[in-house]
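Peer 1: Chains as they are written, first to last, in numbering that gives the first Met the number 0: chain A, 0 to 251; chain B, 0 to 248.
None of these hints come from the bench; they were simulated from the model.
This list has only true hints and no planted wrong ones.
Here are the simulated distance ranges between beta carbons: (1) B:Q28 with A:N56: 27 to 37 angstroms; (2) A:R61 with B:E11: 14 to 24 angstroms; (3) A:D161 with B:V42: 40 to 50 angstroms; (4) A:R104 with B:V241: 50 to 60 angstroms.
Derived contacts from chain B toward chain A, CB cut-off under 7 angstroms, selection only: (5) D24; (6) R25; (7) Q28; (8) E117; (9) D120; (10) I124.
The structure displayed is predicted, hence computed values, not measured ones.
Note that beta-carbon positions come from the ideal geometry of N, C-alpha and C, so glycine has one too.
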Amino acid sequence: MKEFDGTMVLDHIDATFRKGVVNIIIGKSGSGKTVLLKCLVGLTQPTSGEIFYDGRNLIGMRSGEVRRLRRDIGMLFQGAALFDSRTVLENVMFPLDMFSRKNRRERRKRAEFCLERVDMLQAARLLPSEISGGMKKRAAIARAIVLNPKYLFCDEPNSGLDPKTSQVIDELISDITTDFDITTIVVSHDMNSVINIGDNVIFLNEGIKEWEGSKSQVMDADNEKLNDFVFASDLFRKIKEAEEIISEEGKD
Amino acid sequence: MSIINSLENVGEYALLMKRVLTLPDRISQFLREFLKSVYALGVSSIWIVVIISFFIGAVIVLQIALNIDSPMLPRFTVGVVSREIILLEFSSTIMCLILSGKVGSNIASEIGTMRITEQVDALEIMGVNSANYLILPKISAFVAFMPVLVIFSMFMGLFGGYIICMVLGTPSVETYVYGIQAFFTESFVWYSIVKSMLFGFIIASVSAFFGYNARGGALEVGSASTRSVVINSILILATDLVFTQLAMG
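So that you can see chain B by itself, here it is in the shape it has in the complex:
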């Protein structure tokens, strides 16, 4: 029964996306909503990205410095490994898992509340494609802003490591800075940005799907919000596995 329900949900999601991914009725209204969403979903997420990235970056460097203690490995390895972890997985995948909680629940609860207070019906009655009007600006704004968040995260993660090296002195700041520049592969940054944009699409569209289909009252909106975060997390992890194999394998 749950398999049938899941398949039904996939079908409904596809039908919703068909309605979402069309030309907006009015470009000026789309741009207005797009800019509002850039601020609400992207700009307002910078602080959480900065704080988490800084501390996790610092902890990654600290853990690696403490655990890689072999004379066979030069100390700048700490910088190299930390950089690869931050660039390849932390700034895209882990950050998106965190953002799925903040942004995903925000989208699901906003659209869910509009649904149960008949604001979505009001749009439909006016002859507006409510799915397109409400969801497309959110998806495009979040996907477009995702590279900014990822780059912020990368810098802050590496900066957190820099600060921990400065405080503890092991490895030294110079060794760490040398490490984060050594054997640098530029394509890893692009890989991370593209991957995070894909995750951004998943977060915004899946959350919008759950919000748009919320029925009942406040309890159902809360439940839609929770389900969207759970499903987003699973989809992000599964997509990460497939994408990594396809892009790096």
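Bound conformation, chain A alone:
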């Protein structure tokens, strides 16, 4: 649970996030998605409740333990949060510079490998101010995976991006989750992401977990609030209508 000044923002959320798949938390703006994500990574303390990482409870951990746990966490922020004064390569190398015992050459090699993985090696020497929003997100993904994290958190990875770039980012997140066998938790309000990569989908509404299922179940769910959210988009409403027509014709 999480309260802000007496207002309940998250209420009895009970969820398990699976390894090796993309877990997506969806919901309208103000439904508590980002607060939940911040609670999960320890940037915000929940008012009550427990958060377990492979049996280790984040709540009540000492600051040193939290910092050690966080070395297993990679996070993609909404605005990418690259360090302005460092080049893309230096940004990706930063976690290695801080925590890796590898020598500089090996650290650089690892950073370049991660940049190549997200197809950003050509922009390694540029500053964040010199690259586009989509490139920033890709560089931030490279930074998030450079220490081989067990858990990857993504806060609105597609915000501010065009549909094509959004799809690239979605596919990248999905591929990385599978290739590195990590637990990925994505917060999004983008239904395209849900359909593209949402292996496990959790729908939040006004701080309450309303529904949980897979991407194939989202379109046919009988939850009214979820349907309101999903079919608020013309595209998805038309897809649903088309599916119904096809199904009717099939019966005939």
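Start from chain A and add chain B according to the hints.
Peer 2: Below, chain B alone, put in the same frame as chain A:
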């Protein structure tokens, strides 16, 4: 209510300093940030220190020369009094008040912008002690460079006086030079340097505190920057009073 808020701020500042004043995670990264800060906060401030010190030094000598016009006082008094003003108060206190505007707002806005663009959160998520990583190099760099700025200021202030004597001829250059050497107390220089290092700590840490706790958007970063300059100025003046009484009284 504002008293409670102020006390809360003092408590939060103390807690932040507890996180800041610890051993860095990586010495090499600390040194890198330290050197960057030496340049950004110290070296880049030399020009403003030089210009202001030169003109204020010249004005101090001019004012004293014009206003001390008693046959009871020898003309070299102008040099003696100007030197004491520059060494004891101008080069440390007044210069730090000016630097709190330049350096203080620089630190508060830089860290504040990092806060609102989630760069501070990104550091935390990586398991980095963000307070220590961001603030300790700035405090240590500014405190370490402060004596250089103070010495520059002293020389330029006295040099400004020299030039005004050369231009106006009253007092003569020889009398002025004699005056600035007469009854010289070396400990005043050390007093000024120690005091400025203390002010340097206040400027860097208080500005960092306001930047680190900035929330919201660009408006809040601007407001944090302004508040840091105001609070720094008050703290510098209050500390000057206490320090002067303790050290000289």
